[in-house]
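J.: The lines below spell out each chain.
2 protein chains.
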Amino acid sequence: MNPRTDAGTRIEATLDAALAHAGGEGAPPLLAAAMRYAVFPGGARIRPRLALGVAAACGNDSPALAEAAAAAIELLHCASLVHDDLPCFDDAATRRGKLAVHCAYGEPLAVLAGDGLIVLAFETLARAGLAKPRRLAPLVSTIAASTGMPTGIVAGQAWESEPQIDLSRYHRAKTGALFSAATRAGALAAGGDPDAWRPLGEYLGEAYQVADDLHDIASSADEIGKPTGQDAAHGRASAAALLGVEGAIDRLEELVADAIASIPPCAGASELKAVIRAASARFVPKSLARVAA
Amino acid sequence: MNPRTDAGTRIEATLDAALAHAGGEGAPPLLAAAMRYAVFPGGARIRPRLALGVAAACGNDSPALAEAAAAAIELLHCASLVHDDLPCFDDAATRRGKLAVHCAYGEPLAVLAGDGLIVLAFETLARAGLAKPRRLAPLVSTIAASTGMPTGIVAGQAWESEPQIDLSRYHRAKTGALFSAATRAGALAAGGDPDAWRPLGEYLGEAYQVADDLHDIASSADEIGKPTGQDAAHGRASAAALLGVEGAIDRLEELVADAIASIPPCAGASELKAVIRAASARFVPKSLARVAA
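Chains as they are written, first to last, in the working numbering: chain X, 1 to 293; chain P, 294 to 586.
Derived by calculation from the structure, the hints in this document are not laboratory data.
These numbers come from a predicted model, not from an experiment.
Any given hint could turn out to be false.
Stated by the list, open to error - Estimated spans, in silico, between C-beta atoms of each pair:
1) Arg-134(X) with Asp-488(P): 21 to 29 Å
2) Gly-319(P) with Pro-87(X): 24 to 32 Å
3) Ala-386(P) with Ala-20(X): 34 to 42 Å
4) Ala-257(X) with Leu-460(P): 53 to 61 Å
5) Leu-99(X) with Leu-535(P): 35 to 43 Å
6) Asp-551(P) with Ala-44(X): 47 to 55 Å
7) Glu-564(P) with Thr-9(X): 52 to 60 Å
8) Thr-5(X) with Asp-551(P): 44 to 52 Å
9) Gly-225(X) with Asp-354(P): 48 to 56 Å
10) Leu-130(X) with Pro-557(P): 48 to 56 Å
11) Gly-247(X) with Asp-459(P): 52 to 60 Å
12) Leu-99(X) with Glu-564(P): 52 to 60 Å
13) Pro-557(P) with Gly-225(X): 51 to 59 Å
To be verified - Covered stretches of chain X (in silico footprint by chain P; criterion: 3 or more residues with CB under 8 Å from a CB of chain P, positions within the stretch not fixed):
14) 81-92
15) 144-153
Stated by the list, open to error - Partner residues aside, some chain X positions facing chain P, computed with beta carbon under 8 Å:
16) Glu-25
17) Pro-28
18) Leu-112
19) Pro-133
We put the CB at the ideal spot given by N, CA and C, even for glycine.
All chains, full assembly: derive it from the sequences and hints.
T.: Here it is as structure tokens:
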């Protein structure tokens with residue numbers, strides 16, 4: 001796709017092509033529908049926007065590979081939401097303002113939709129990687145490490161099953177890992193240095209975690225499309241509980257400032273800063289934005 | 294690892310190294326244990342043996358990549374067993390003669406163990422693919438296609454949730470896909486032509502399906518380490534029900550003969566034929582082998 005096309009359009013088109021492949025000749029129709037339902041309509045697509053933003057800042061010499069990396073990260077994020085909502089975890093009935101996948105399609109298809117989306121993420125990467133073979137292994141490794149064990153989102157979710165939860169590891173794995181993968185994968189897809197982009201992903205991941213805690217206590221379920229008050233209900237630690245609401249907002253703003261300051265010198269830095277400011281403006285719940293202002 | 298080392302030893306060592314990575318620094322201990330429990334001790338390791346056998350027949354110029362491909366296929370097979378045994382699918386209490394993962398570790402960790410094993414499969418491939426970058430994209434694509442949608446094992450399992458089951462697609466996806474991936478991935482890992490090895494995988498996949506049907510009706514649960522009589526209990530179609538026990542054994546022998554006849558001319562053909570004869574000798578349940586003899 002033309003790299004001058006709007007990032008949102010490129011992300012939706014790449015996700016749509018991936019889901020079209022998954023629902024192609026021979027597919028069981030209900031699972032194809034459940035996978036599509038889990039991905040569309042999307043949330044803010046923050047992680048894939050971040051990946052494309054970093055790829056652009058690194059020169060964007062392979063837009064199709066950057067789009068595939070961005071889509072892979074979003075597919076993995078969607079897979080984790082589908083499995084997190086299952087009765088054996090959060091037992092959430094709603095997500096993004098509609099029924100959770102297990103409520104709309106039943107538990108078996110929700111388990112399989114998550115599995116299918118994980119596999120589709122790596123398949124999407126591999127198809128685009130044919131044209132840039134030397135970039136594929138580090139891309140798959142980076143994205144897999146942010147998703148699996150020992151420190152990816154699957155590991156993060158598993159800390160909830162431990163008798164002693166390591167909170168810092170829990171948050172870094174459950175939320176931070178995929179943000180950090182988004183910036184590093186964006187760099188890798190464009191032939192850039194992934195390590196230079198790690199701090200940006202880590203600061204934003206932590207900022208997003210603080211924002212999520214704020215949403216959980218301060219938003220209504222209508223506003224964010226999923227149940228709120230879950231941290232208190234499940235006895236989970238939360239920045240808002242620890243720092244108070246205003247303290248948490250201060251911390252969030254500090255982290256976004258650190259994120260922007262961490263951007264390495266590059267041609268596309270100013271556009272990227274705009275992408276990050278736009279994304280992080282959505283972090284604070286509407287009701288609290290008024291309090292903070 | 295030295296390619297002259299016994300295939301079984303190479304497979305176990307590669308799986309062990311993958312699980313050691315997954316359980317490394319920062320891992321939540323229970324999930325690390327659940328993943329290892331799902332993989333060891335293994336079953337017959339038929340699929341990875343087949344992959345290594347084909348790689349050897351193709352000249353085995355990159356043993357580490359062949360081992361990674363074989364291990365990836367086995368990790369994906371183990372992941373599918375863990376998820377298939379969940380209460381929302383077969384609700385099986387035992388597997389390979391011990392408690393199923395969801396019974397030993399609980400349902401949340403069983404879901405996550407399956408997810409973690411899927412991701413680990415692709416990560417294992419990517420690490421070995423660094424040394425042979427041009428082979429990685431087709432390997433990931435081939436293995437992902439045999440696992441996900443529209444025609445891999447996830448798709449196969451999803452046919453059980455459709456109001457109208459397409460039986461031929463169901464069996465091809467649920468059992469055949471990973472056998473076909475094993476032969477093609479073995480060839481790809483060694484720089485061979487994957488298409489030449491497709492019939493071998495397909496014949497063996499169908500043979501294995503017939504054998505599984507025979508086991509389901511003729512074995513005791515003690516003999517195969519998981520509940521039997523599941524096809525009848527779940528109303529699933531079965532070659533044994535369709536052809537009768539002796540007809541099914543005839544069909545099985547015919548398929549193994551077709552498989553062996555399909556092997557392309559190559560230096561390692563006679564060793565590979567021995568691998569296949571050894572594997573397929575285990576296909577017929579002990580009690581029926583006496584009847585057939």
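J.: Going back to the hint list, which numbers does this structure go against?
T.: Hint check: 10 fails alone, others pass.
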